[in-house]
Each structure stands twice: as C-alpha cells, then as structure tokens.
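Read top to bottom, the protein sequences are chains L and P. If you're matching positions, the first sequence starts at 1 in my numbering and goes up one per residue. If you're matching positions, the second sequence starts at 1001 in my numbering and goes up one per residue.
Keep in mind the hints are simulated off the structure, nothing from the lab. A couple of the hints might just be wrong.
Rough simulated footprint, nothing fancy, chain L against chain P, three-plus residues with beta-carbon under 8 Å [stated by the list, open to error]:
1. 1233 to 1241
2. 1251 to 1262
3. 1266 to 1274
The calculated label-pair distances, taken between Cβ atoms and stated as ranges, are [stated by the list, open to error]:
4. W1244/P <-> Q313/L: 36 to 44 Å
5. A189/L <-> R1046/P: 33 to 41 Å
6. G364/L <-> P1127/P: 38 to 46 Å
7. R1134/P <-> G364/L: 33 to 41 Å
All figures in this text were calculated on a predicted structure; none of them were measured in a lab. From the three backbone atoms N, C-alpha and C, an ideal C-beta is built for every residue, glycine too.
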Amino acid sequence: MYAAATSVALVGGEARPVRVEAHVGRQSEAFKLSGLPDTAVREAKDRVRAAVASAGIRFPNRTVTVNLAPADLPKGGTDYDLPIALGILAASKEIPPLREAVVVGELALDGAVRPGSNAFGAGVLSARQNVPCLVASSVVGESASIPGARAYGVDSLAAAVDLLREGLGNVEPAEPGPPIVGEKVPDLADIRGQPMARRALEVAAAGGHHLLMHGPPGSGKTMLARRIIGILPPLEIEHAVETAMLWAAAGRRRGLVVTPPFRSPHHTASKAALVGGGSGNPVPGEVSLAHRGVLFLDELAEFPRSHLDTLRQPLEEGVVSVARRGSSLDFPASFQLLAATNPCPCGFYGDGRRPCDCRPAILGRYRSRISGPLIDRFDLIVRVGRVEAAEYSGPAGEASAPIACRVEHAREAQLRRGQINRYLDLGDGRESQPAGRLVAMAVGNGVLTARGGDRVRRVARTIADLEEADQVEEHHMAEAIGLRGEWRDE
Amino acid sequence: MNDVRVMAPDGPDYPMGLLDLEDPPHLYVIGETTTAPAVAVVGTRRCTRYGLNLADAFGHGLSRAGWTTVSGLARGIDAAAHRGTLRGEGSAVAVLGSGVDVVYPIENADLYRAILRSGGAILSEYPPGTRPDRWRFPARNRIIAGISSAVVVVEAGEKGGALITARLAAELGRPVFVVPGDIDRPASIGCNRLIRDGAHPVLGADDLLAELELILGKPPNHVPPSEGVIPATGLAFDDLPSIWECTPAEALARLARMEIAGEARRVGDLVLPGSG
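Here chain P stands alone, though its shape is the one from the complex (with noise of 0.2 Å):
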C-alpha cells in the first residue's frame, strides 16, 4: 500500500540532527519526511492516567503551536502523544524497533495507520520485515533522540527506554525536558532523578511551548486548518465552537450542513470529512 524509501545520510533530505551521531544509519521510510525541527515526547509504557492526559496534551500543544511529534509507537505514553499529536492536525513521526512495515504493538495498528493518512511517516533502522525484537529497542531511541531537537520525558521509571533517550539527548546537546511526579510513584522516579540531575522541568504544554520558543525559536509557521474543511485526522465533535470560532449552535449548524451535503460524519467522539 505504501511504499518505502531508503535515505541514506548523505542524501538531499536525510535529518540534518541524526548526522550527530557517530554512526548515522540509513534510514526507511514511510510517509512524508520534513526538515521542520521536531520535538520528542517519550514516556514509559507503563504510564499512569496522569502520563497519558499530559503526553496526550503535549501531543496535541505541540502540532497546534507547529511543531512536528516524534515518539516510538509503544503503547502507553508514545501512543498517548501520537494521538494527541494528530487530534491537534499536527505532523507526527514514529520510530520503530522493527521493519517499518511491521506494526508493533499490533492494537496500534489503527494509530499507525492514522499518522500515514495524516501525512506523518514511519522510521526506522531496519529493514522491512524485521521482526521486534527486544534488542533493537535501545538502538531506537538514538535515532529518536537525534532527530529531535528537544525531548520530553513524561513518565519514566527507575530504567526503560525514555531514560536512555533522554541520556543520549543530552549528550548531543538537546534540551531535555521533564515532567515531574510524585515522588514515591514507580511511574515517576526515573523523571524526577532526571530533573535532580539538571533536566528542565515543564509544569504543563503551555510552559513547554513557552521554553521552546525560548531555546529554538518560533515554531515552523503552523497553518490553521481552513475553514469548512474536516482533515482526514477528523476533529473532536466537542472542539468545533473552539476551532471554528462561532457558539455551540452555530457549529452544531454548519456540521449538519455539511453532513448533509456529504463533507462531514460523525464517528463516535469525531468528526471526520464525507465518505464520498
């Protein structure tokens, strides 16, 4: 269905941060690829409640305020600012421990797929077909870290994944950010010894966008979605006053006209453009 590309690191749009590394890998992919810098938000996939709301809303701050998303596909925190990230219209990049054509976990199939229709891409290392083996998942996290130009850890725990991440982002000199937790939950020991150790700690997405713009500057101009029409990513039903500007009333309106001309339908918490 979708076909994979090979970058190599001397090509015209290989990521400029992943040549940092000591051994920039040749990259496949699928999906659209920008040179936009990229923020990453990675977390341990056993999360609480309190991780998925904010990696869920960083996600989502982060695509609204033009920032690209990168996160590893797992389930817990990575799916949570996956989805958050194409709720806000945004551009989302997944990293994977497998071929790039091998869904894993499989329940984030649908997430997968969404992030291709929402004109993200898909990476990896590996060549298609390779199966997810535990072994690969650290070598991962060095792409995520070089692509990114900032990383967000939201819940880590005493070791995992988000905490070599964060490692090897501070090691090539990108700003970590930190969310903090309670200090006797597993959930959150690994990001509250990060921010003993010096890590920037974010008190919710409007801090970090605030931060970032500090650091990095101004986001890639992020183009408002137009009116009337529904991105593929659909919107939350309950949003349209907010992201059409008008009252409850008026939305409820303008959907039904839509509806009935065939532009729009309604799926659950979504809206989504016509099936026709």
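If we strip away everything but chain L, and leave its shape as in the complex, we get (with noise of 0.2 Å):
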C-alpha cells in the first residue's frame, strides 16, 4: 500500500519539490525514514506517530517506510511532519490520496499544526504547478498571497484529514494575507542640523544608490542610516515575498512584511554569517537577508580586507554564489549598501574642534582600509559632521513623510524605465551636453576617479528623476558631484 505527496524544500532561497513516499507493508510495527533527513527530520517519527494518536486515528501498526525524494537534495527542519503523517494515512487508506496537493507543516504531540518556515515556498509550487496547497493556518494568508496559488489552511492533523475526506475541490480556497508593515522605525526629524547628510541620504534612497558617511564619533551616522528604512518605498508583494524565503532558507520566519529588510552584521561577523555558507545545506548570509533592502555596515575600516571583498559579487551582480560539495548555489543578495566609518583610530581626524592624535603611519594604513576599489562602489560619500551646541536646541529636522513620498515619486520614473538607477544602463540616462562636459571635466582633473564619474552619472539621473526632469541637468551633474566627497589615503 503506497501513496505520496509533495512538499518543498528551499535551494538558493527558491522552492524545489521534494516527493514524500509512504509505504505501509506487510511486515511487523517498524517505522523507516530514508532520503537525506537531518535530525530534525528523522525526529518527525516520533511527532508524526504521537499527532496522529491524538487525532483519533490508528497509526498502522505495519512496516511503515517513508522515503523523501530527490536524495541528493539535502532536507532539513520540521516542515515535513505533516506531509510524512497524510502520506502514510493515504497508504493505510485512512484518507484518499493526495494527488499532487503541496502540504507544509510542523506537527505538535497534540495533532496541532505549527506554521513551520515554508509557507511561501508551497505558495509558490502551488501556483507554479497549479495544484492546491496545505499549510497550518496561521500562515495560509501567506501561501495565498502568491499570485495563482490555492492555499488551505488546517490547525490541526484532524483537520487537516476532514479537508481531505471532504476534498479540496469541494472548498473554497483561502483569502490572501494582508501586508504586514514592519515594526515602526525612528523617524528623520529627531536630527537636527547635518543638512548636507540628509540630502546624501535622500538621495541614496531615491536611486537605492550605496552610500558611504564618514566622520567623528558621535557625529550621527548611524542614527541617520537607521532612518533609511523609514523613506524607502514598500517592497512589491513578490518582492516581499522573495525576501521572506530567502530569510526562511536561514532558518528565519518574515512573515508578508512590506519594509524593507534592515541587516547590520557586526564586524567581528564571520565570512560564512556575512555572505552564507554552512556545511551541509548551505544557508544564505546577512548580504541576502539584506535582499531588497539595506545591508549596513557600521565601522567599516573594522571589517577584515578579505570579508570586504566577497561584497564584490553581490554588488555587482545582485547574487552570491556560495560553495557547495563541488558545486556552488546562488542566492539572491541585491541590497543597498549603507556604510560609516570614523575617519581615523581616533575619530577626529579633520574635526575643526579637536586634533587627530593618530600617529601618521597609523593613521594612512587606517584610511587605506577603505581605499580604491572598495571606495569605488560607494556612489555617494559624505563626510558628516559634528552637530553644533547650538543646533542641539535647534529646530527639529524634516520629518520622514514628506521625504518619502518624494523617493516614491522619484521611484517611479525609473521603474517605468525599467529599474532603478542603482542598476542605470548609462545609455538610458539622457544627460544634456553641458552634464556630461562636467563630469568628464572633473573626471580630467582628477575630481572623480573614471569609475566614480559612472556612479556619479548614475546618482545625477536620480536627482533629475527627484526634480522630475526628464534630461539630467548641468546643475544635477555638479551635486551628484558635491555627493561623492573626497577620501584620500593620506
């Protein structure tokens, strides 16, 4: 007596299928899991054995062989315990067979359905291979929110064995979830002053331009970063949602959340934390929980050289391939890069107020930290100062509100020109002559490095796309230039 279902495991932050076999023989009680599991997997025995005691139903007291196919691919965590008990249930014939239906869920000793980490993921094989999908029903708004998935939700394993004696066909399936907005982040107008920092940070938003703030301690940088979250524009659905499973493949629960993800890895971080890696199934890093939204890297110059430079593919490309057993997985990893550092060990180098007592050997091998290629990925880099005593008591700041809703328009030219300016094709850019005869001059002079003058360009179509103008400007050339401030190794 077999039957089988489908359920879903995360590779790269996408959804595969995973077939679970159920086999119920003829021989005495055993109970056999095969197909890679991990602990947690093979401890679904015991779970699975227990829920359908509770539920009222005779577990088969047979042969019972489950097997999760393909075998190759790696299987973990608890979202298989109730796919693993409807599949044996259909091969004892306690239930009708599954078909093709997805089924997600973690089961509780009392036959509960718990929402487990992969209700996204049956969302998406549900609506990709038109079949209906089965998740605990505290999750189900998010398997429906994917477009043409048909989601039902069960709490329980006795629930979930009426659905299916009832059939699927004959209910209506569930209503897709609301969009959650994150947790309320600080706002804009609690910084007085630092006019030229708020612009740069605007600015940064408007395009999802990288922006690099350096100055003393104390000075407000990353007061300002974490008030990024509050003006960038709602992610799309799908986005969210691509998010949310690429925060479930690292064992995380998002749920439909439309704010974008803020991530700031510490920088004592190891490689594999910051870039995803792991032995076994390989779980992605913070550069990818940061997709769609902002990776902050607080105290740059800290950060080793060589963690640094594994940013170059993910900011390049969007993705970052992580190595596995001989093969290497990628998983998305488009963030915004948002970074500050203090200008020197001491903090007050080039601070009107107090001198840099940093020794200069010291001092240049600090500042090279941050240097070339790195400073060359930054199209914004504002020095920010300290606040003035007398702008403590000073008027508060704009608030976040009306700066957002300056992005969103912003966002909208270029999203109707395909994407946004952090990824400009330059020849999409349409500058007017005196615009490029500006930056190629600073570019001659040695201003701008060639690299920075192309960030530059691209920071100038966001300032033109924030002024709605159609052609970039001379005058939106010269502040993208005035955006991206000097840092020499001295």
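Combine both chains into one complex, guided by the hints.
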C-alpha cells in the first residue's frame, strides 16, 4: 500500500518540490525514514506517531517506510511532519490519495499544526504547478498571497484529515493575507542639523544607491543610517515573498512584511555569516537577508579586508555564489549598501574642534583600508560633521513622511525606465551636453576617478528624477559630484 | 617666516586700551593688529565639554557679529574661543606669556598658524625667544584685560588666570561677563562667585551680543564672506547652505563646480580654498 505527498525544500532561496513517499507493508511494526533527512526530520517519526494518535486515528501497526526524494537534496527542519503523516494515512487508506497537493507544516504531539518555515515556498509551488497546497492556518495568508496559489489552512491533523476526506475541490481556498508593515522605525525629524548628510540619505534612498558616511564619533552616522528604512518605498508583494523565502532558508521567520529589511552585521561576523555558507545545506548570509533592502556596515574600516572583498560579487551582480560540495549555489543578494566609518582610529581627523592624535603611519594604514576598489563601489560619499551645540536646541529636522513621498515619486520614474538607478544602464540616462562636459572635466582633473564618474552619472539621474526632470541637467550632475566627496589615503 | 614688529606706547598704532594700564609695555607683534574694539573670551584650561562648546559658540558669534576676539592661546577655553573665532571668519588676537615666536602649548601650533593665516595677530610683551615661564602668565593677563573693551569668562575654577583677568578688567572699568554653571562644579566655582560679586551673567552668544551692543554700541561693521570665495580659514561643510543662503542641493552643486575649477577642496569638516 503506497501513497505520496509533495512538500517543499528551499535551495538557494528557491522552492523545489520534494516527494514524500509512504509505504505500509505487511511485516511487523516498524517505522523507517530515508532520503537524506537531518536530525529534525528524523525526529518527525516520533511527532507523527504521537500526532496521529492524538487525532484519534489508528497508526498502522505494520512496517511503515517513508522516503523523501530526490535523495541527493539535503532536507532539514520540521516542515515535513504533516506531509509524512498524511502520506502514511493515505497509504493506509485512512484518507483519499493526496494526488499533487503540496503539504507543509510541523506537528505538535497533540496533533496541532504549527507554521513551519515554508508557507511561501508551498504557495510558490502551488502557483507554479497549478495544484492546491495545505499549510498551517496561521500562515495560510502567506501562501495565498502568491498570485495563482490555491492555499488551504488547517490547524490540526484531524482538520487536515477532514478536509481531505471532504475533497479540496469542494472547499474555497483561503484569501491572500494582508501585507505587514514592520515595526515602527525612528523618524528623521529626530536629526537636527546635518543638512548635507540628510540630502545624501534622500538621494541614496531615491535611487537605491550605495552610501558611505564618514565623520567623527558621535556625529550621528548610525542614527542617520537607521532612519533610511522610513523613507524607502515599501516592497512589492513579490519582492517581500522573495526576501521572506531567503529568511526561511536561513531558518528565520519573516511574514509578508513589506518594510524593506535592514541588516546590520557586526564587524566580527564570520565570512559565512556575511555572505552565506555553512556545512551541509548552505544557508544564506546577511547579504541575502538584506535582499531588496539595506545592508548597513557600521565601522566599515574594522571589517576584515577579505570579508569586504567577498561583497564585490553581490554588489555587482545582485547574487552571491556559495561553494557547496563541488558545485556552487546562488543566493539572491541585491541590497543597498550603507556604511559608516570614523575618519581615523581616534576619530578626530578633520574635526575642526579637536586635534587628531593618530600617528601618521597608523592614520595612513587605517584610511587605506577603505581605498581604491572598495571606495569605488560607493555612489555617494559624504562627510557627517559634529553637530554644533547651538543646533541641539534648534528646530527639528524635516520628518520622514514628506521625504518618503518624494522618494516614491522618484522611484516611479525609474520603474517606468525598467530598473532603479543603482543598476541604470548609462545609455538611458538622457544627459544634457553641459552635464556630460562637467563630469568629463571632473574625471579629467582628478576630482573623480573614472569609475567614480560612472557612479556620479547614475546619481545625477536620480537627482533629476527627484526633480521630475526628463533630462539630466548640469546642476543635477554638479550636485551628484558634490555628493561624492573625497576620501584620500593620506 | 613672519616678521616681528615692536609697538611702543607712544606709537601711532599702539592699542589705546593698554594706555589705561599703569605701566603700558612695549609690545612684540606678529600679524595684523586693528584698532577696532575687541572682546576677550577667557577661561580655565581644566574645562568641561560645556565650557568648550560655549567658548567656541562665543568666539563664533562675536566674530560673525564683527568683534575682534582676544584670548591667551592656552589649552581649553582659550583655544576653543580662538577656533570659534576662526570658524566665524573673524579676527583673532592671541596674547602670549612667552615670546611671540614661541608656541606654547605645542599642541596649539596649528591654531597659532591658523590665526596668522586668517589675518589675526599674536602679541606679547616679552622679546622673541622668551620661554613660557609660569610666572609670566599673570602679567600677560593684564594685557588681555587692557586691550579688550569687555571680558567674557566662560569657565573658571576657584583660582586661576581667568579670575585675575576678570579682576584686572573690572579695575580698568571694563564690563565683565560671566557664564553661570552648576554651583558644585569645580570648573564653574570661580564664575559663579564673580556673578555673586556683581558681574553680568550671560545666557548665550545672542544674549552676550545684545548686552555688548547696549554697553559698547554696534560692533565695527562686519563684511560678510563674498560669494563664491572661500576664506583661508575655510568654511564648515555643513554650514555652506546657511552661509550661501541656498538649499543643501544647490550648495553641493556649487561646491562641486568650485572643486572642479580648483577653487575649493574638502578637508574633513572644512572646505578650504583650492591649493593651486
């Protein structure tokens, strides 16, 4: 007596089908599980047996064999509890065959169905293969939010059995869940003074540009960075799903959250934590958790150089390849890079008020850590100065809401061209002649490097979009050049 | 590098205020002196962040309004007052207790040069080469008091040079302004006593400017920085929009054009004139 169910594994943040085959034989009682299960999956045996008993159904006292296929795909987590249970019940004729339905969910010993981590993956497979999917009712809105998915929620194994006995065709699938706005983020109104840094943050948000802020400790670089989330446009539903699936692959739950992710790894984070990896099934790293959002590297100069070098591929291609037993696996990692650094080890280099007391050799070494290739990846480089005592009591800064409104307008213009300006094809920039001449002059006399010139031209397009200008004019280009201040190795 | 001049009490450009002293000394000078009325900003070397911020704010406010400021190039309050003055593109005068060519403390060497670059002056009654002996400093304070039309004490402990300057200024009939502080804070004990003894408390740079105008009249006319030209002392990057009276976006664009033309360069918080 044989039956099968379909479930989901996440590979590189992408949903792949897993066949759950169940066979109930004639030999004496035993329960075997094969197909590269990890410990959590192996323990499913005990949970399934208890949950079936709790649902008031007889667990077959025969040889039960469960196989997860394809066998070469490593399988982990507790999402296979429900498909294993339903596969066994189908094989022992307690319920009708499952056909193609995708099933995901963890079982509690009392038979309750817990969400597990792959509700989005179930929805994606359901839509792609035009089959129904069965998940915990607490997350059915997530599965149903995928266009084309037919999702059914159950809160217990008994409810799943009833539903399947009734036939999925006779029941209406669930409605898509409402998008979730993440926790409230601090407002830019809290920041007094800092006119230049505020402008840089707005332009960076509008074009999705990479921004480096440098300045003495306590000048508010981190405060500014954390507030970018409040002025970025919310994620499209499909992008929110993409991000949530990457989080799921890393073993973290993120519902249908449309607030862009903001990740801020510490400089002591390992390379695997940063870009992904790990033994067995590779897990996405911070660069992928920040997919469609912001990766903030505070104290940039403290990050090991070799770690920073690994950011090159995701910054250029929007994906990161993680080595994996003879092959490599790609995780999406299209993030906006924000970074902050002190200008020198003591922090006061270039500060008008307090002398820097770093020895020249140390100063040079520190500043050259953020040099050449790395500095060229930033579209905007801005000095964040100390706020004058008088400004602490000055008027509050502009609030986030009106800035977010301008940013959203600028994004609309970019999406009509097809992509955000971070990835702008420079041929599409529509530059006026004076604008082109200005940037050529800046490169010619060393104010900008050649690569810096390309970055500036993308930023100029964003500034034009903020002004709703069709063509990049000279003053847009000039401001973009002004927003890419020097960072010399001295 | 800079010529040292000597000014005698009977000379034409000798500061008038010093003639109020019992023994007007000969003065050694580097840089430009003016006869415009000046305001001294003095205080202790053992100051707090509170004092540093206010000394800087007073130096800045006074120089923006058009006053020349005087201080002693010492650590702490003195240095902050000088720096604030330079930031405000004003004229700074430093009165030393050593020879005018002897920089003490050495950490203020940059400040010493910045004062000269900005068109300020270094004064002393001691001949060039004189070492900074401790006993010379109280005598230097009577020059600060004499040369100034008013004295502001930002922070002062129980005793110290700033209190001597304040007493001498009061004896010469100069108004003495004092910044109040917490009554149990060592760096404010002297200040609070001066207030108890009748000095004017000041509640900020604007308050000080208003009081000065009442007592001394309008400051000598201040010439605002001309458009597009960056003074040798530089402008603070974040102040550009307010100085140029434009939006941050316009200020960034203008700065970029000046950088490309070689008329400006950024160094830390400052924008300096081009090196060429």
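Taking the hints in turn, this is what the structure says about them:
no., hint, result
1, 1233 to 1241, "holds (count 5)"
2, 1251 to 1262, "holds (count 10)"
3, 1266 to 1274, "holds (count 5)"
4, W1244/P <-> Q313/L: 36 to 44 Å, "42 Å, holds"
5, A189/L <-> R1046/P: 33 to 41 Å, "38 Å, holds"
6, G364/L <-> P1127/P: 38 to 46 Å, "40 Å, holds"
7, R1134/P <-> G364/L: 33 to 41 Å, "38 Å, holds"
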